[in-house]
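Between the sequences and the hints, there should be enough to build the whole structure, so can you do that?
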Amino acid sequence: WDRHLPLVELSDNNNYHTNIKVALFEALYGRKCRSPIFWAEVGDAQLTGSKIIHETTEKIIQIKKHIQAARDRQKSYADRRHKPLEFKVRSC
Numbered sequence: 039w040d041r042h043l044p045l046v047e048l049s050d051n052n053n054y055h056t057n058i059k060v061a062l063f064e065a066l067y068g069r070k071c072r073s074p075i076f077w078a079e080v081g082d083a084q085l086t087g088s089k090i091i092h093e094t095t096e097k098i099i100q101i102k103k104h105i106q107a108a109r110d111r112q113k114s115y116a117d118r119r120h121k122p123l124e125f126k127v128r129s130c
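Residues 39 to 130 in the working numbering are what the sequence shown lists, from first letter to last.
If you're looking for bench data, these hints aren't it; they were derived computationally from the structure. Be aware that a few hints might be false.
Below, a list of computed lysine-lysine pairs in the DSS-like style, where the Cα atoms sit at most 27 Å apart [stated by the list, open to error]:
| # | residue 1 | residue 2 |
| --- | --- | --- |
| 1 | Lys59 | Lys121 |
| 2 | Lys59 | Lys97 |
| 3 | Lys97 | Lys121 |
| 4 | Lys70 | Lys89 |
| 5 | Lys113 | Lys59 |
| 6 | Lys102 | Lys89 |
| 7 | Lys89 | Lys103 |
| 8 | Lys89 | Lys59 |
| 9 | Lys102 | Lys59 |
| 10 | Lys102 | Lys113 |
| 11 | Lys70 | Lys97 |
Simulated DEER-style distance windows between Cβ atoms [claimed, not checked]:
| # | residue 1 | residue 2 | range |
| --- | --- | --- | --- |
| 12 | Lys59 | Tyr115 | 13 to 21 Å |
| 13 | Gln112 | Tyr54 | 15 to 23 Å |
| 14 | Ala108 | Ser129 | 40 to 48 Å |
| 15 | Leu45 | Glu124 | 45 to 53 Å |
| 16 | Asn52 | Arg109 | 38 to 46 Å |
| 17 | Arg119 | Glu47 | 28 to 36 Å |
| 18 | Phe125 | Gln100 | 43 to 51 Å |
| 19 | Gln100 | Leu48 | 21 to 29 Å |
| 20 | Val46 | Lys121 | 33 to 41 Å |
| 21 | Arg69 | Leu43 | 21 to 29 Å |
| 22 | Arg128 | Ile98 | 49 to 57 Å |
| 23 | Asp110 | Leu45 | 32 to 40 Å |
| 24 | Val46 | Ile98 | 19 to 27 Å |
Note that the Cβ used here is the ideal one computed from N, Cα and C, for glycine as well.
Written as structure tokens, this is what we have:
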């Protein structure tokens, strides 16, 4: 099973995550993951350092907003479902 772990990791990193509204690979690298066949496409534009920093910062801001929205949804759901517990004191 351990030889399948890299594929499992690749799958998870490229799976869309509803909390952050993007795949983990795309969140980290700012682009969708391509299979090794397409890694060396001719004519790929190279990003400059400042552009990469700007785009990465924008992605981080978006991801933080999505995470906060997911937290708010989960809290709202938990608050609606929460019932206070009451305990009765008994003498033994």
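Problem set entry | Violated hints, by number in ascending order, as checked against the structure | 1, 3, 16
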